Amino acid sequence: MIRFLVNRLLGMVVVLFLVCLFTFLIFFVLSPDPAVQICGKNCTPEAIDQIHANLGLDRPFWTQFGTFLSGLFVGRTYGTGANMIDCAAPCLGYSFQTSQSVTDMIVQRLPVSATVAIGAAVLWLLAGVAGGLISAVREGKFADRFIAGLTLTGMSIPNYVLALSLQFLLVVTLQWLPFPHAVSFMEEPGQWFANFLMPWIVLAIGAAAVYTRLTRANVIETLQENYVRTARAKGLSPGLIWRRHALRPALTPIVTIFGMDFAGLLGGALITETVFGLNGIGKLAADSITKNDQPVIMGVTLLAAFLVVVGNMVVDLLYTAIDPRVRVGSTA
Amino acid sequence: MTFTPTELEVEGVTGGGPGSDPASASPPPSGRRLVRAFLRDRVAVACSVYVLIVILMAFTAPLLVKLSGWGPLEFDQSAVDPNLGGIPLGPAGGMGAEHWFGVEPGNGRDIFARIVYGARVSMTIALSATLLTSVLGVVFGLLAGYFGGRVDMVVSRVMEFLMAFPALIFMIAVLSALPAENRQLLLVVVISFFGWPYLARIVRGQTMSLKEREFVEAAKASGATSAQIIFKEILPNLASTIIVMTTLAVPGYVGTEAGLSFLGVGVVPPTPSWGQMIASSVPWYAVDPAYFLIPGAFLFLLVLSFTVLGDRIRKLAESGEVAA
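Those protein sequences? They're chains A and B, same order as listed.
Quick note: the first sequence uses numbering that gives the first Met the number 0, first residue 0, plus one each step.
Quick note: the second sequence uses numbering that gives the first Met the number 0, first residue 0, plus one each step.
I should point out that these hints are in silico values taken from the structure, not numbers from a laboratory.
Check before you lean on any hint, since a few could be wrong.
Using 20 Å as the maximum straight-line C-alpha spacing, the simulated DMTMM-like pairs for lysine to aspartate or glutamate come out as follows [stated by the list, open to error]: (1) B:K231 / B:E211; (2) B:K65 / B:D80; (3) A:K290 / B:E180; (4) B:K210 / B:E232; (5) B:K314 / A:E138; (6) B:K231 / B:E213; (7) B:K314 / B:D40; (8) B:K210 / B:D151; (9) A:K290 / A:D143; (10) B:K219 / B:E232; (11) A:K140 / A:D48; (12) A:K140 / B:D40; (13) B:K314 / A:E220; (14) B:K314 / A:D143; (15) B:K65 / B:D75.
Here chain B is said to cover these stretches of chain A; the calculated rule only asks that three of the stretch's residues, wherever they fall, bring their Cβ under 8 Å from a Cβ of chain B [as the list claims (entries may be wrong)]: (16) 10-19; (17) 150-161; (18) 259-268; (19) 275-288; (20) 291-299; (21) 307-318.
Being a predicted model, the structure only gives us computed values, none of them experimental.
Every residue gets a Cβ at the ideal spot worked out from N, C-alpha and C, and that includes glycine.
Please model the entire structure based on the sequences and the hints provided.
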């Protein structure tokens with residue numbers, strides 16, 4: 000077990016390192032010179048050289064990458080002398096457009112993104128498993144086909160189209176929901192809930208559809224297993240068979256993809272947060288794209304990659320804990 | 000989520016996918032029977048008809064635009080009301096004989112023309128990306144599965160690495176850093192770059208089980224070269240898997256293109272794309288809902304049609320294989 004853990008951890012570190020390298024390389028090669036942005040108009044070549052020297056942009060690639068990596072662990076400083084900017088420990092970079100460190104910008108927006116993500120995850124997990132179970136129990140009946148139609152729709156509707164449609168229908172036309180605006184949970188819990196309801200639905204719908212199909216397929220498959228037949232044959236009550244023999248193996252794969260999907264939520268949040276004007280990490284990234292604020296885009300990319308890699312790892316560990324059929328070492 | 004190829008992964012993992020089925024090595028079912036079964040399925044036929052309409056629209060865009068009288072880049076200031084901030088005149092976003100689907104608020108561009116030309120962009124990108132992904136996925140999957148050993152290790156590591164990436168965010172990052180020229184080509188390359196492992200993984204698995212079978216052994220014994228075995232013995236047996244996986248990939252790529260364009264890193268204006276049209280409709284959604292509903296409906300129906308088609312083809316392929 001310990002050897003397995005160490006192997007997985009080492010693998011994760013390697014992937015994270017490669018992700019950093021890859022991301023850094025792309026921005027190193029492709030992005031426009033940040034010095035030109037900092038320097039502004041009326042810029043002389045000397046001034047640009049000066050900025051290059053100050054920020055270490057004239058150094059070779061590996062030196063710059065080394066500085067960036069060490070900035071992640073021990074922090075770093077930008078510039079020298081009076082203009083020196085300090086960037087504390089997990090330093091993901093510095094946005095010269097907003098004069099803020101990228102880490103700070105991300106941390107400020109974390110609560111909103113976390114609220115959106117957790118709410119959506121709860122929603123899609125409940126809806127997906129419930130929908131899948133209903134479909135499996137009523138296999139081939141009306142409810143099953145109705146849910147199948149819903150899941151196809153849910154999988155196909157682009158989340159920004161759904162977001163705009165919901166907003167138009169519920170807020171503008173029917174006026175069931177108030178127009179979203181920022182309130183704290185403590186002051187107005189009702190308004191807070193109404194605010195996040197649409198983003199939750201929009202972010203959850205695609206995943207809910209996929210989980211419904213997955214749960215349905217798994218449950219139906221499990222019910223055909225030999226050990227379920229044996230349990231039936233020895234006269235166990237249907238309820239007990241469901242609880243003890245069908246649900247556990249059927250729901251194990253859900254755990255696997257749930258971890259990965261949750262970790263990958265930042266991608267979906269990009270669009271949802273933008274459409275609903277929620278000031279989270281996704282919107283930060285989307286805004287930075289329009290402003291061409293490269294350090295922020297890179298920081299968010301790294302964060303997203305980090306979440307996915309760590310998510311994968313946690314899932315792997317959970318999987319070995321939940322599913323006794325997966326033996327350590329044989330997890331190829 | 001229409002963005003990521005994870006949905007394919009899920010379908011592959013469910014065990015329903017032909018990937019896990021050793022029976023798929025049996026001879027492919029007769030084409031005519033499958034076609035007949037397909038034609039009996041009214042939903043599938045409706046979806047095919049819609050996809051065909053969109054493809055036809057894309058091909059005949061210049062003709063259609065001549066018929067309707069307005070090009071995709073022509074401004075019509077007489078169709079919008081400057082006193083109301085450029086809201087289209089007339090009901091439902093200015094729909095009527097002059098502009099069939101109404102006009103864009105603000106500048107009065109004809110929405111029908113932009114939808115028709117947008118279909119061109121969406122279909123070109125999605126289909127090219129599918130083609131490139133399939134080629135890459137099949138080639139690398141075959142290489143890794145057939146030769147095994149070191150080749151397999153390298154390919155598998157690269158696949159794992161690419162699949163561990165948050166593809167959407169990374170695509171956005173790459174595209175935002177790249178220059179704006181040749182955006183359509185870049186989109187295809189970037190989408191395919193992150194898309195091929197999902198097909199390659201399944202092709203690899205099937206190849207690994209196929210190469211142990213008797214007919215491959217027989218071919219080997221009769222002196223066939225590796226290339227002959229791969230192309231004549233193994234590839235034909237992978238056909239149904241590849242068809243199913245590619246059909247399931249198309250809706251994902253349509254959605255990805257639209258999403259990237261929606262976020263402003265896809266197709267560059269003034270070239271129309273459905274995702275980009277929806278993005279520019281966001282500030283107007285409350286006063287001119289037709290502006291987002293029309294491209295939204297076209298996009299949704301296209302993704303839905305491809306998803307349903309992929310689903311049906313998968314089921315047909317499975318049932319056909321079991322029966323045959």
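Against the structure, the hints come out as follows:
1. B:K231 / B:E211: 15 Å, holds
2. B:K65 / B:D80: Distance ~25 Å between K65 (chain B) and D80 (chain B) Cα, so the pair is violated.
3. A:K290 / B:E180: Roughly 18 Å separates the two Cα atoms, so the pair holds.
4. B:K210 / B:E232: 9 Å, holds
5. B:K314 / A:E138: 16 Å, holds
6. B:K231 / B:E213: 14 Å, holds
7. B:K314 / B:D40: 12 Å, holds
8. B:K210 / B:D151: 14 Å, holds
9. A:K290 / A:D143: 47 Å, violated
10. B:K219 / B:E232: Holds, at roughly 10 Å.
11. A:K140 / A:D48: Distance of about 72 Å is beyond 20 Å: violated.
12. A:K140 / B:D40: 18 Å, holds
13. B:K314 / A:E220: 16 Å, holds
14. B:K314 / A:D143: At roughly 16 Å apart (the allowed maximum being 20 Å), D143 (chain A) and K314 (chain B) satisfy the hint.
15. B:K65 / B:D75: 16 Å, holds
16. 10-19: holds (count 3)
17. 150-161: With 9 residues closer than 8 Å to chain B, the stretch 150-161 of chain A meets the three-residue bar; holds.
18. 259-268: Three-residue rule met by the stretch 259-268 of chain A, so holds; n is 6.
19. 275-288: Since 3 is at least three, the answer is holds.
20. 291-299: holds (count 5)
21. 307-318: holds (count 3)
This entry does not satisfy hints 2, 9, 11, going by the numbered hints stated previously.
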